[in-house]
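If you're matching them up, the sequences are chains X and P in order. Each residue of the first sequence is one higher than the one before, starting from 120 at the first, in the working numbering. Each residue of the second sequence is one higher than the one before, starting from 120 at the first, in the working numbering.
I should point out that these hints are in silico values taken from the structure, not numbers from a laboratory. No incorrect hints appear here.
All copies of an identical chain are treated as equivalent in the list; a pair is satisfied when it fits inside any one copy or across any two copies.
Below, a list of computed lysine-lysine pairs in the DSBU-like style, where the Cα atoms sit at most 30 Å apart:
| hint | residue 1 | residue 2 |
| --- | --- | --- |
| 1 | 224 | 123 |
| 2 | 189 | 224 |
| 3 | 158 | 180 |
| 4 | 123 | 158 |
| 5 | 208 | 126 |
| 6 | 215 | 189 |
| 7 | 180 | 215 |
| 8 | 123 | 215 |
| 9 | 158 | 147 |
| 10 | 180 | 123 |
| 11 | 158 | 189 |
| 12 | 147 | 180 |
| 13 | 224 | 126 |
| 14 | 208 | 224 |
2 protein chains.
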Amino acid sequence: MIAKTPKPPYYAVIFTSVLIEDTEEYQKVSADLEALAEKQDGFLGFEAARSGLGLFISYWKDEEAIQNWKAVASHEIAQKRGREEWYDKFQVRVAKVERAYGFEKDS
Amino acid sequence: MIAKTPKPPYYAVIFTSVLIEDTEEYQKVSADLEALAEKQDGFLGFEAARSGLGLFISYWKDEEAIQNWKAVASHEIAQKRGREEWYDKFQVRVAKVERAYGFEKDS
Numbered sequence: 120m121i122a123k124t125p126k127p128p129y130y131a132v133i134f135t136s137v138l139i140e141d142t143e144e145y146q147k148v149s150a151d152l153e154a155l156a157e158k159q160d161g162f163l164g165f166e167a168a169r170s171g172l173g174l175f176i177s178y179w180k181d182e183e184a185i186q187n188w189k190a191v192a193s194h195e196i197a198q199k200r201g202r203e204e205w206y207d208k209f210q211v212r213v214a215k216v217e218r219a220y221g222f223e224k225d226s
Numbered sequence: 120m121i122a123k124t125p126k127p128p129y130y131a132v133i134f135t136s137v138l139i140e141d142t143e144e145y146q147k148v149s150a151d152l153e154a155l156a157e158k159q160d161g162f163l164g165f166e167a168a169r170s171g172l173g174l175f176i177s178y179w180k181d182e183e184a185i186q187n188w189k190a191v192a193s194h195e196i197a198q199k200r201g202r203e204e205w206y207d208k209f210q211v212r213v214a215k216v217e218r219a220y221g222f223e224k225d226s
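Okay, chain X solo, but in the shape it has when bound (with noise of 0.2 Å):
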């Protein structure tokens, strides 16, 4: 659920989106998506959450990796049906963790 990420700077990649319908296929397609980040050298986790808004932010060892991802990605989409098809819009912002803190419940 959370990302195990290590000790900040690492990088994330957040990805904001407005579907033009949350289709079965779009479904298949991030599952999919997700897979291939894991496999992906300089990976680090990701976190999704979608309600109207969507925002899936995946975490990167360095720019190196982002860029590798980031073609990998590309292809992936493409080769499928297109993210005109899926997307009314979207944005991608890079971003360096510079710190990070959290809070864990006592079980």
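Using the hints provided, position chain P relative to the given structure of chain X.
Structure of chain P alone, referenced to chain X:
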């Protein structure tokens, strides 16, 4: 929906959480916090989604704006019922957005 942020660089605070229970009271506190954030100096926008995991990303002009916001938000939450009552766990990541790009379907 998708935050209209300026050209990078700017900051993102990624707040990822797992709730013990998604209560009406928590919904209200979340809405209050969003309204408070919007009034802060240096606030650029926010994006939120919850489906099991909750993702709340706020965007800020600089570190100073984040520090000010942290003080206000902590105070607000402390005045209510305390974070331990709502959250099973959470993670906060402060990240510098270095680049961004987007897509919007022609209407």
